[in-house]
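Residue numbers (full-length UniProt numbering), protein chains in the order written: chain F, 1 to 214; chain D, 1 to 209.
These aren't lab readings, by the way, just hints derived from the structure by calculation. Quick reminder that beta carbons are idealized off the backbone N, C-alpha and C, glycines included. Be aware that a few hints might be false.
Listed next, the in silico SDA-like pairs over lysine to any residue satisfying Cα-Cα at most 25 Å (straight line) [what the hints assert, rightly or not]:
#: 1; chain 1: D; residue 1: K154; chain 2: F; residue 2: Q43
#: 2; chain 1: F; residue 1: K154; chain 2: F; residue 2: S92
#: 3; chain 1: F; residue 1: K77; chain 2: D; residue 2: T84
#: 4; chain 1: F; residue 1: K23; chain 2: D; residue 2: T84
To spell it out: a stretch of chain F is covered by chain D in this simulated footprint if at least three of its residues, at any positions, have a beta carbon under 8 Å from a beta carbon of chain D; those stretches are [stated by the list, open to error]:
#: 5; segment: 73 to 83
#: 6; segment: 89 to 97
#: 7; segment: 102 to 112
#: 8; segment: 145 to 152
Here are the computed distance ranges between Cβ atoms for each label pair [unchecked claim]:
#: 9; chain 1: D; residue 1: V121; chain 2: F; residue 2: K143; range: 12 to 22 Å
#: 10; chain 1: D; residue 1: D35; chain 2: F; residue 2: R45; range: 18 to 28 Å
#: 11; chain 1: D; residue 1: K42; chain 2: F; residue 2: S188; range: 27 to 37 Å
#: 12; chain 1: F; residue 1: T128; chain 2: D; residue 2: P51; range: 17 to 27 Å
#: 13; chain 1: D; residue 1: E30; chain 2: F; residue 2: L47; range: 39 to 49 Å
#: 14; chain 1: D; residue 1: A132; chain 2: F; residue 2: D28; range: 44 to 54 Å
#: 15; chain 1: D; residue 1: M136; chain 2: F; residue 2: A38; range: 49 to 59 Å
#: 16; chain 1: F; residue 1: S155; chain 2: D; residue 2: P44; range: 17 to 27 Å
#: 17; chain 1: D; residue 1: G127; chain 2: F; residue 2: A38; range: 37 to 47 Å
#: 18; chain 1: D; residue 1: N90; chain 2: F; residue 2: N89; range: 48 to 58 Å
#: 19; chain 1: F; residue 1: G39; chain 2: D; residue 2: S37; range: 43 to 53 Å
#: 20; chain 1: D; residue 1: S202; chain 2: F; residue 2: S90; range: 43 to 53 Å
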Amino acid sequence: MATIKVLGYSGSITTRTVLCCLKEKRVDYELVVVDPAAGDHLQPRYLALNPFGLVPTIQDGDLTLFESRGILKYLAKKYKGQGTELYGNSLSEEALVEQWCEVEGQSYNSPALTILSQIVFVPKKGGTTDEAVVELNVEKVGKLLDIYEERLSKSKYLAGDFFSLADLQHLATTHYLVTICGKGDLISSRKHVKAWWKDISSRPTWKKVTEKAP
Amino acid sequence: MAMIKVHGHHLSTATRLVLCCLEEKQVDYELAFVDLSAGDHKQPQYLALNPFGVVPSIQDGDLTLFESRAVIKYLATKYRGQGTELLGNNVSEQALVDQWCEVEGQSFNPPASTILFQTFVVPIKGGRTDEAVVKMNVEKVVKVLDIYEERLSKSKYLAGDFFSLADLQHLPCTEYLINGCGKGDVISSRKHVKAWWKDISSRPVEESH
Numbered sequence: 001m002a003t004i005k006v007l008g009y010s011g012s013i014t015t016r017t018v019l020c021c022l023k024e025k026r027v028d029y030e031l032v033v034v035d036p037a038a039g040d041h042l043q044p045r046y047l048a049l050n051p052f053g054l055v056p057t058i059q060d061g062d063l064t065l066f067e068s069r070g071i072l073k074y075l076a077k078k079y080k081g082q083g084t085e086l087y088g089n090s091l092s093e094e095a096l097v098e099q100w101c102e103v104e105g106q107s108y109n110s111p112a113l114t115i116l117s118q119i120v121f122v123p124k125k126g127g128t129t130d131e132a133v134v135e136l137n138v139e140k141v142g143k144l145l146d147i148y149e150e151r152l153s154k155s156k157y158l159a160g161d162f163f164s165l166a167d168l169q170h171l172a173t174t175h176y177l178v179t180i181c182g183k184g185d186l187i188s189s190r191k192h193v194k195a196w197w198k199d200i201s202s203r204p205t206w207k208k209v210t211e212k213a214p
Numbered sequence: 001m002a003m004i005k006v007h008g009h010h011l012s013t014a015t016r017l018v019l020c021c022l023e024e025k026q027v028d029y030e031l032a033f034v035d036l037s038a039g040d041h042k043q044p045q046y047l048a049l050n051p052f053g054v055v056p057s058i059q060d061g062d063l064t065l066f067e068s069r070a071v072i073k074y075l076a077t078k079y080r081g082q083g084t085e086l087l088g089n090n091v092s093e094q095a096l097v098d099q100w101c102e103v104e105g106q107s108f109n110p111p112a113s114t115i116l117f118q119t120f121v122v123p124i125k126g127g128r129t130d131e132a133v134v135k136m137n138v139e140k141v142v143k144v145l146d147i148y149e150e151r152l153s154k155s156k157y158l159a160g161d162f163f164s165l166a167d168l169q170h171l172p173c174t175e176y177l178i179n180g181c182g183k184g185d186v187i188s189s190r191k192h193v194k195a196w197w198k199d200i201s202s203r204p205v206e207e208s209h
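Work out the full structure: start from the sequences and follow the hints.
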């Protein structure tokens with residue numbers, strides 16, 4: 001069977017999320033570097049695979065897929081029974097996984113990325129970090145994490161007492177918030193969120209993803 | 001079997017999405033009205049169902065669920081074989097459904113719902129629509145629709161030649177963009193998007209709302 005091809009780059013949040021999932025499911029893959037700094041993502045050859053010009057895109061035989069959260073769902077379903085179970089063990093558990101995946105995608109992702117953008121990307125492009133924007137978004141993330149704190153006081157992981165796609169989806173963004181953005185106190189000041197973060201970020205698969213490009 | 005209870009508001013796009021899905025799957029339900037203008041959604045009784053204080057939430061027996069896109073996936077999976085098939089017919093088709101659902105959630109919805117917010121919600125709260133914000137977000141929607149135009153020139157619906165959750169997810173917000181925000185030209189100026197919109201918005205289930 002042909003190996004899955006992942007087109008992306010190792011520092012990308014969305015690429016890391018997909019690589020982590022592939023490792024959890026013990027699926028062989030090959031990373032083909034698409035370097036946005038070189039404008040690779042806007043070349044016709046890449047746009048033919050992903051007209052939105054974002055990373056990553058995967059190729060699995062005849063199937064080409066983009067949108068990291070969609071890719072995770074595909075991998076978790078296709079490789080059910082192999083590696084880590086990422087969708088729970090029943091229809092109800094699967095529904096809760098989807099619910100918390102949506103919370104990440106609809107509520108957590110945007111303010112977290114805004115913080116990252118202001119602290120890392122804006123200065124890189126020659127601008128100045130807008131501290132008011134950072135503060136506003138730190139507050140938003142804080143409010144969300146207060147809800148996570150309550151949830152995780154009753155449940156080991158987000159969807160239940162089992163690790164799932166919902167937890168995995170938080171890894172790459174939170175890693176950057178805690179490391180290069182210096183916002184680790186958002187996590188460490190909340191007892192259950194802190195314990196959850198320690199658990200999921202210590203998974204061997206996640207450590208392998210960040211090993212080569214922390 | 002107990003009926004599914006939907007806690008929501010009949011004008012809310014997310015509530016409408018769930019109701020539309022229930023209709024497509026021919027599932028009986030009861031709508032429990034959450035009065036947003038009275039702040040019901042921030043009351044302890046509602047927060048116990050959905051700590052994020054947004055609508056809708058559903059109750060199906062012991063299971064309580066929120067996030068409309070997750071709710072419709074649950075319904076489409078649980079009621080597979082009943083009503084309209086909304087997930088495609090194999091793993092690859094389902095993957096494309098999930099992909100285009102993510103496109104809606106990540107790329108279409110943020111700018112589209114910002115336009116709706118500026119047009120409907122800001123004036124209700126005593127403010128004035130910010131036309132510059134509307135314009136900027138119309139430009140974003142248009143860029144996404146240009147990609148849809150190309151896609152729909154090769155495929156009858158977003159995920160393939162079959163109606164799915166991915167198309168359904170676009171219905172409530174797009175209806176308001178056209179009928180409340182006066183932005184119908186973004187749809188009607190694109191030949192394949194226009195045909196797709198005409199098709200999906202004429203489905204009997206949609207027309208009954």
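Looking at the structure, which of the earlier hints fail to hold?
Of the numbered hints given earlier, those the structure breaks are 4, 10, 12, 15, 18 and 20, listed in rising order.
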